[in-house]
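Novice: Sequential numbering of the sequence shown, starting at 1, is according to the working numbering.
Hints are not guaranteed to be accurate.
[Stated by the list, open to error] Across the chosen pairs, the derived CB separations fall in these ranges:
#1 D132 to A178: 22 to 32 Å
#2 L155 to P16: 33 to 43 Å
#3 L56 to G174: 28 to 38 Å
Treat the hints as calculated values from the structure; they're not laboratory data.
For each residue, glycine too, the CB sits at the ideal point set by N, CA and C.
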Amino acid sequence: MGDESAPFTVSVRAVPNIGVDRAELRVVGAYRAHKRLSLALEWNPGESELLPNFNLAPSLPGEHLPGVGLMLGTSSDRIGTPDGRAWFGAATLDPQAWGWEDAPINGYLGATYGTWANDTRAIGGLTWMVRDHLSAGVQHDGENVHGILTINPGLFTGEASRWSVDLLLIEQDGSHTAGVTVSTRF
Numbered sequence: 001m002g003d004e005s006a007p008f009t010v011s012v013r014a015v016p017n018i019g020v021d022r023a024e025l026r027v028v029g030a031y032r033a034h035k036r037l038s039l040a041l042e043w044n045p046g047e048s049e050l051l052p053n054f055n056l057a058p059s060l061p062g063e064h065l066p067g068v069g070l071m072l073g074t075s076s077d078r079i080g081t082p083d084g085r086a087w088f089g090a091a092t093l094d095p096q097a098w099g100w101e102d103a104p105i106n107g108y109l110g111a112t113y114g115t116w117a118n119d120t121r122a123i124g125g126l127t128w129m130v131r132d133h134l135s136a137g138v139q140h141d142g143e144n145v146h147g148i149l150t151i152n153p154g155l156f157t158g159e160a161s162r163w164s165v166d167l168l169l170i171e172q173d174g175s176h177t178a179g180v181t182v183s184t185r186f
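Hey, can you work out the whole structure from these sequences and the hints?
Specialist: Encoded structure:
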């Protein structure tokens, strides 16, 4: 998404019809302190909640195993939960490093512990780079499957942008609702 050297990211996610105040609006401001560490504040206005978060990469993709990286972190619990924190660990996977140069996909597999239900769940996701500045993905948060279509304005201009828009299809207790995330780097 645009200039990868920009250390700050702000994203706003809106899922207006999800029926859980905490999940309807989320604002995250993150600072990439190091290529291995991102620090963030997550604000959930529906619950007047401000959470410190982090992502730590003890192993960058390809550093120890071709196409594999490790990520640890924390955030609010699964989308649609009324409260709680999630602690997660995941392996990032890049099949291009395994000789599949033409495979426009990447993914992750891992586990998360959520305090709302006090349980550990398997998580995972896949992203397909449809073309420059356009990707489609699916993620499983341990209970529900969510779809994501990410569009960078470069899709229309031909030049990378610091902005992106995610169109979301959120599953919650067997029903689906639409949402959107708008992000920028600076």
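Novice: With reference to the structure, classify each hint as holding or not holding.
Specialist: Now the hints, each set against the structure:
1. D132 to A178: 22 to 32 Å: holds (25 Å)
2. L155 to P16: 33 to 43 Å: violated (25 Å)
3. L56 to G174: 28 to 38 Å: Hint holds: Cβ distance 34 Å, inside 28 to 38 Å.
Checked against the numbered hints given earlier, this structure breaks only hint 2.
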